[in-house]
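Student: Take the sequences, apply the hints, and build the full model.
So the protein lines, in turn, are chains A and B. Residue 300 in this note's numbering sits at position 300 of the first sequence, with consecutive numbering throughout. Counting from 1 along the second sequence, just add 374 to a position and that's the residue number in this note's numbering.
Hints are supplied without guarantee of correctness; some may be wrong.
What the hints assert, rightly or not - When the alpha-carbon atoms are kept at most 30 Å apart in a straight line, the in silico DSSO-like pairs for lysine-lysine are as follows:
#	chain 1	residue 1	chain 2	residue 2
1	B	Lys416	B	Lys660
2	B	Lys736	A	Lys291
3	B	Lys480	B	Lys660
4	A	Lys106	A	Lys362
5	A	Lys42	B	Lys736
6	A	Lys106	A	Lys286
7	A	Lys362	A	Lys291
8	A	Lys42	A	Lys362
9	B	Lys424	A	Lys50
10	B	Lys660	B	Lys736
11	B	Lys736	A	Lys50
12	B	Lys424	B	Lys736
13	B	Lys424	B	Lys660
14	B	Lys665	A	Lys42
15	B	Lys480	B	Lys736
16	A	Lys291	A	Lys106
17	A	Lys286	B	Lys660
18	B	Lys416	A	Lys42
19	A	Lys286	A	Lys50
20	B	Lys480	B	Lys424
21	A	Lys286	A	Lys362
22	A	Lys286	B	Lys665
Unchecked claim - Pulled from the structure, derived: some chain A residues nowhere near chain B, Cβ distances all over 10 Å:
#	residue
23	Asp47
24	Phe82
25	Gly111
It is worth saying that the hints were derived from the structure and are not from the lab. Built from N, CA and C at the ideal position, the CB exists for glycine as well.
There are 2 protein chains.
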Amino acid sequence: MFAFHVQHQDPQSAARCGVFVTPHGSVLTPAFMPVGTQGTVKGVNVDLLKTTGAQIVLANTYHLTLRPGEDIVHQLGGLHAFTGWQGPILTDSGGFQIFSLARITKVNEQGAIFRSHIDGRLIELSPERAIDIQQTLGSDIAMVLDHVVALPSPPEAVRDACDRSVRWAARCLEHARSDRQVLFAIVQGGLDPDLRIACARQLVSMGFPGYAIGGLSVGEPPADMYRMLDVTCPELPEDRPRYLMGVGTPVDLLEAIRRGVDMFDCVIPTRNGRNALALTDNGPLKMRNLKHQADPRPIDANCPCPACRHHSRGYLRHLFMAGEMLGPILVSVHNLTFYQQLIGEARQAIQQARFDDFFCEKLQRWQSSPEDHG
Amino acid sequence: MFAFHVQHQDPQSAARCGVFVTPHGSVLTPAFMPVGTQGTVKGVNVDLLKTTGAQIVLANTYHLTLRPGEDIVHQLGGLHAFTGWQGPILTDSGGFQIFSLARITKVNEQGAIFRSHIDGRLIELSPERAIDIQQTLGSDIAMVLDHVVALPSPPEAVRDACDRSVRWAARCLEHARSDRQVLFAIVQGGLDPDLRIACARQLVSMGFPGYAIGGLSVGEPPADMYRMLDVTCPELPEDRPRYLMGVGTPVDLLEAIRRGVDMFDCVIPTRNGRNALALTDNGPLKMRNLKHQADPRPIDANCPCPACRHHSRGYLRHLFMAGEMLGPILVSVHNLTFYQQLIGEARQAIQQARFDDFFCEKLQRWQSSPEDHG
Numbered sequence: 001m002f003a004f005h006v007q008h009q010d011p012q013s014a015a016r017c018g019v020f021v022t023p024h025g026s027v028l029t030p031a032f033m034p035v036g037t038q039g040t041v042k043g044v045n046v047d048l049l050k051t052t053g054a055q056i057v058l059a060n061t062y063h064l065t066l067r068p069g070e071d072i073v074h075q076l077g078g079l080h081a082f083t084g085w086q087g088p089i090l091t092d093s094g095g096f097q098i099f100s101l102a103r104i105t106k107v108n109e110q111g112a113i114f115r116s117h118i119d120g121r122l123i124e125l126s127p128e129r130a131i132d133i134q135q136t137l138g139s140d141i142a143m144v145l146d147h148v149v150a151l152p153s154p155p156e157a158v159r160d161a162c163d164r165s166v167r168w169a170a171r172c173l174e175h176a177r178s179d180r181q182v183l184f185a186i187v188q189g190g191l192d193p194d195l196r197i198a199c200a201r202q203l204v205s206m207g208f209p210g211y212a213i214g215g216l217s218v219g220e221p222p223a224d225m226y227r228m229l230d231v232t233c234p235e236l237p238e239d240r241p242r243y244l245m246g247v248g249t250p251v252d253l254l255e256a257i258r259r260g261v262d263m264f265d266c267v268i269p270t271r272n273g274r275n276a277l278a279l280t281d282n283g284p285l286k287m288r289n290l291k292h293q294a295d296p297r298p299i300d301a302n303c304p305c306p307a308c309r310h311h312s313r314g315y316l317r318h319l320f321m322a323g324e325m326l327g328p329i330l331v332s333v334h335n336l337t338f339y340q341q342l343i344g345e346a347r348q349a350i351q352q353a354r355f356d357d358f359f360c361e362k363l364q365r366w367q368s369s370p371e372d373h374g
Numbered sequence: 375m376f377a378f379h380v381q382h383q384d385p386q387s388a389a390r391c392g393v394f395v396t397p398h399g400s401v402l403t404p405a406f407m408p409v410g411t412q413g414t415v416k417g418v419n420v421d422l423l424k425t426t427g428a429q430i431v432l433a434n435t436y437h438l439t440l441r442p443g444e445d446i447v448h449q450l451g452g453l454h455a456f457t458g459w460q461g462p463i464l465t466d467s468g469g470f471q472i473f474s475l476a477r478i479t480k481v482n483e484q485g486a487i488f489r490s491h492i493d494g495r496l497i498e499l500s501p502e503r504a505i506d507i508q509q510t511l512g513s514d515i516a517m518v519l520d521h522v523v524a525l526p527s528p529p530e531a532v533r534d535a536c537d538r539s540v541r542w543a544a545r546c547l548e549h550a551r552s553d554r555q556v557l558f559a560i561v562q563g564g565l566d567p568d569l570r571i572a573c574a575r576q577l578v579s580m581g582f583p584g585y586a587i588g589g590l591s592v593g594e595p596p597a598d599m600y601r602m603l604d605v606t607c608p609e610l611p612e613d614r615p616r617y618l619m620g621v622g623t624p625v626d627l628l629e630a631i632r633r634g635v636d637m638f639d640c641v642i643p644t645r646n647g648r649n650a651l652a653l654t655d656n657g658p659l660k661m662r663n664l665k666h667q668a669d670p671r672p673i674d675a676n677c678p679c680p681a682c683r684h685h686s687r688g689y690l691r692h693l694f695m696a697g698e699m700l701g702p703i704l705v706s707v708h709n710l711t712f713y714q715q716l717i718g719e720a721r722q723a724i725q726q727a728r729f730d731d732f733f734c735e736k737l738q739r740w741q742s743s744p745e746d747h748g
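Tutor: Structural data, given as structure tokens:
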């Protein structure tokens with residue numbers, strides 16, 4: 001029910017394009033997954049989400065186990081019936097949210113004990129429990145529970161968390177028994193190349209159907225992240241999908257694709273959309289800016305999204321100034337469409353064996369963008 | 375460019391159905407207009423709005439003249455281009471909002487002077503200015519400026535406001551000079567049948583293309599409103615559309631259609647939607663209620679809206695409990711669809727000369743609704 005095929009390998013870089021087959025449909029890679037934290041991409045209904053070009057969506061195990069609870073989701077038919085999204089769904093394991101949102105009280109070999117950020121109740125999450133929850137939710141792709149630490153952290157702490165993540169990955173793999181869900185491992189190791197390589201090799205030796213690179217995009221300079229991709233991607237098997245978690249900006253996406261990454265998720269398009277920042281190839285537009293007040297142009301005349309087909313910059317500015325929900329909705333949809341268009345162009349460039357040219361053209365265009373970012 | 379035709383007259387009541395032709399398309403009557411106060415039906419983009427069955431939308435002159443200002447709307451191509459709604463649009467005159475939202479400082483024969491509820495600045499609105507603003511906005515149907523008073527008010531105050539509204543209506547008609555916009559008069563007169571009748575007769579003698587009934591649904595018992603319709607509708611010409619402003623509940627709509635009203639606007643579907651109240655023929659559902667938690671049924675299995683096609687009550691409850699925007703969006707869309715379905719059924723019943731039966735069936739069904747309104 002699952003398969004991954006690399007269809008084109010760029011001759012001048014590690015970029016590749018392919019297709020990932022799941023029981024809920026196929027995903028062309030490189031792929032960008034909109035983030036549906038609580039079972040909805042914020043403000044975007046599933047019909048609109050489809051128009052953005054999204055093929056696969058991410059949902060957060062941490063949020064859904066706290067509310068409404070995986071048993072409720074299961075009773076309502078599982079994540080696909082629950083959300084109304086009939087395409088593939090990936091769930092993360094909760095490792096990152098325990099690190100970023102919850103108040104951790106204890107992480108030991110058994111698992112993590114933390115307090116819910118909603119109501120403060122104590123919750124235990126072990127590798128086995130993380131798998132059980134994701135199976136109950138019914139996602140197509142599950143992630144192993146990992147131990148995420150802040151960067152920078154003392155080397156010993158990074159190494160300990162990395163080693164623990166490997167042991168937890170083994171327990172997750174042992175515990176995962178579903179032919180309707182595949183399990184991806186997560187390479188940790190902070191910014192230490194040796195740790196990253198060792199972690200990748202251990203995980204690869206266990207034979208996962210896919211590999212994620214985690215613990216990045218947590219505040220370190222982009223160059224550090226790219227360096228970690230440089231050392232990690234070559235360690236990962238060519239015939240398995242590679243997923244860079246929680247990344248990133250448009251530049252990050254292209255830099256990572258160039259290094260052989262296949263999948264991404266990030267809140268940037270929707271978070272920026274809610275904050276009135278519209279992304280374009282000519283630089284971002286701050287939609288509250290006075291200069292848009294009487295501007296009849298759409299955000300981007302070449303964009304096929306509903307915001308650009310129906311509405312002027314002046315109208316979108318008005319919606320934000322008036323505090324209307326439709327502003328965040330429309331600019332989120334635009335930004336999601338922008339990301340899908342970008343990743344679609346990247347796929348096409350790889351198919352045409354001209355990814356490197358495409359990469360240089362895009363970066364040059366973004367760096368010389370005429371918008372004053374005002 | 376404008377025309378109104380009554381196509382069927384119910385044999386047992388004053389209910390009628392027809393078609394109102396405007397430069398932006400035809401509207402089947404009876405018609406329900408969703409309220410797009412600030413140039414958007416809250417949370418509902420124009421593509422979604424079309425799926426609800428809406429044929430005409432209302433926009434508020436008061437809100438739009440304050441923000442972004444009618445000149446900005448005009449520079450952006452007028453209300454249709456501004457909002458992206460290409461169908462007919464009706465603008466009110468601002469009279470009701472001056473009464474309900476603004477801090478009025480003075481109403482005299484010339485017009486009203488009030489302070490903006492947004493920034494407190496002083497604004498003058500005269501009958502002529504109300505027409506100018508609406509012409510600049512570019513709506514299909516404009517409303518005369520009326521002087522609205524609270525109910526109950528001293529009889530002398532009601533009479534004064536009513537008489538002034540008639541004089542203002544004459545000034546509006548004199549000032550309105552557009553062949554792309556028609557002007558509707560507004561019958562005032564509080565709860566005084568004689569005043570209502572006198573007001574209607576004076577306005578009818580001026581020959582407006584349409585007549586509204588205003589100053590109702592401001593807190594008075596429904597029976598009082600129906601009584602005012604009983605005396606007012608017979609005074610209005612049969613060949614002109616009749617519009618009951620700001621009304622109302624599903625029962626109000628049917629009671630008014632039965633008395634010969636053709637057009638309605640009301641915030642109930644969207645305001646209730648944002649507050650998690652879903653309307654159905656079996657009674658309203660409070661979507662936050664615990665009993666919906668694991669309920670896989672849609673709000674209404676017979677409803678064609680996206681909320682009912684894609685989502686369970688359990689999912690909608692989750693969205694509200696999690697504070698997700700999508701909850702208000704989906705239940706607003708459902709409620710708007712419920713209103714359009716209801717008014718469509720009413721039209722069909724009139725065409726089939728069985729409106730009275732339809733009316734009784736609906737009221738009986740609603741009164742014995744099995745939902746416990748929990």
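Student: Against this structure, judge whether each hint is valid.
Tutor: Cross-check of the supplied hints:
1. Proposed proximity of Lys416 of chain B and Lys660 of chain B is supported: the alpha carbons are some 20 Å apart, at most 30 Å.
2. Note on Lys736 of chain B and Lys291 of chain A: the hinted pairing is violated, with a Cα-Cα distance of about 52 Å set against a maximum of 30 Å.
3. The suggested pairing of Lys480 of chain B with Lys660 of chain B is violated, with an alpha-carbon distance near 42 Å, which exceeds 30 Å.
4. Among the hinted pairs, Lys106 of chain A with Lys362 of chain A is inconsistent with the structure: their alpha-carbon atoms are about 45 Å apart, more than 30 Å.
5. As the CA atoms of Lys42 of chain A and Lys736 of chain B are separated by approximately 37 Å, the hinted pair breaks the 30 Å bound.
6. With a C-alpha separation of about 42 Å, the suggested pair Lys106 of chain A and Lys286 of chain A falls outside the 30 Å cut-off, and the hint is violated.
7. A C-alpha spacing of about 26 Å is found between Lys362 of chain A and Lys291 of chain A, which places the hinted pair at or below 30 Å, so the restraint holds.
8. With a C-alpha separation of about 28 Å, the suggested pairing of Lys42 of chain A with Lys362 of chain A holds against the 30 Å cut-off.
9. Taking the CA atoms of Lys424 of chain B and Lys50 of chain A, the gap is near 18 Å; set against the 30 Å cutoff, the hint holds.
10. Between Lys660 of chain B and Lys736 of chain B the alpha-carbon distance is near 21 Å, which keeps this suggested pair within the 30 Å criterion.
11. Between Lys736 of chain B and Lys50 of chain A the CA atoms are separated by roughly 37 Å; this puts the pair beyond 30 Å, and the hint is violated.
12. Distance restraint check for Lys424 of chain B and Lys736 of chain B: the Cα-Cα separation of roughly 25 Å lies within the 30 Å cut-off, and the hinted pair is therefore satisfied.
13. With a C-alpha separation of about 25 Å, the suggested pair Lys424 of chain B and Lys660 of chain B falls inside the 30 Å cut-off, and the hint holds.
14. This hinted pair checks out: Lys665 of chain B and Lys42 of chain A have alpha carbons roughly 25 Å apart, not beyond 30 Å.
15. For a cut-off of 30 Å, the pair hint linking Lys480 of chain B to Lys736 of chain B is broken: about 45 Å separates their Cα positions.
16. Straight-line distance between C-alpha atoms of Lys291 of chain A and Lys106 of chain A comes to about 51 Å, which puts the hinted pair past the 30 Å bound.
17. Our distance criterion of 30 Å between C-alpha atoms is broken by Lys286 of chain A and Lys660 of chain B, whose separation comes to about 38 Å.
18. At roughly 16 Å between alpha-carbon atoms, Lys416 of chain B and Lys42 of chain A fall within 30 Å of each other, so this suggested pair holds.
19. In summary, the hint linking Lys286 of chain A to Lys50 of chain A is supported, as the alpha carbons are separated by about 25 Å, within the 30 Å threshold.
20. Straight-line distance between C-alpha atoms of Lys480 of chain B and Lys424 of chain B comes to about 41 Å, which puts the hinted pair past the 30 Å bound.
21. For the given pair, Lys286 of chain A sits about 21 Å from Lys362 of chain A by alpha-carbon distance, which is consistent with the 30 Å threshold.
22. For a cut-off of 30 Å, the pair hint linking Lys286 of chain A to Lys665 of chain B is broken: about 43 Å separates their Cα positions.
23. The claim that Asp47 of chain A is not at the interface with chain B is violated, since a C-beta of that chain comes within 10 Å of its own (minimum 6 Å).
24. Not every CB of chain B lies more than 10 Å from the CB of Phe82 of chain A, the least distance being 5 Å, so the non-interface label is violated.
25. A cut-off of 10 Å between C-beta atoms confirms that Gly111 of chain A is not in contact with chain B; the least separation is 25 Å.
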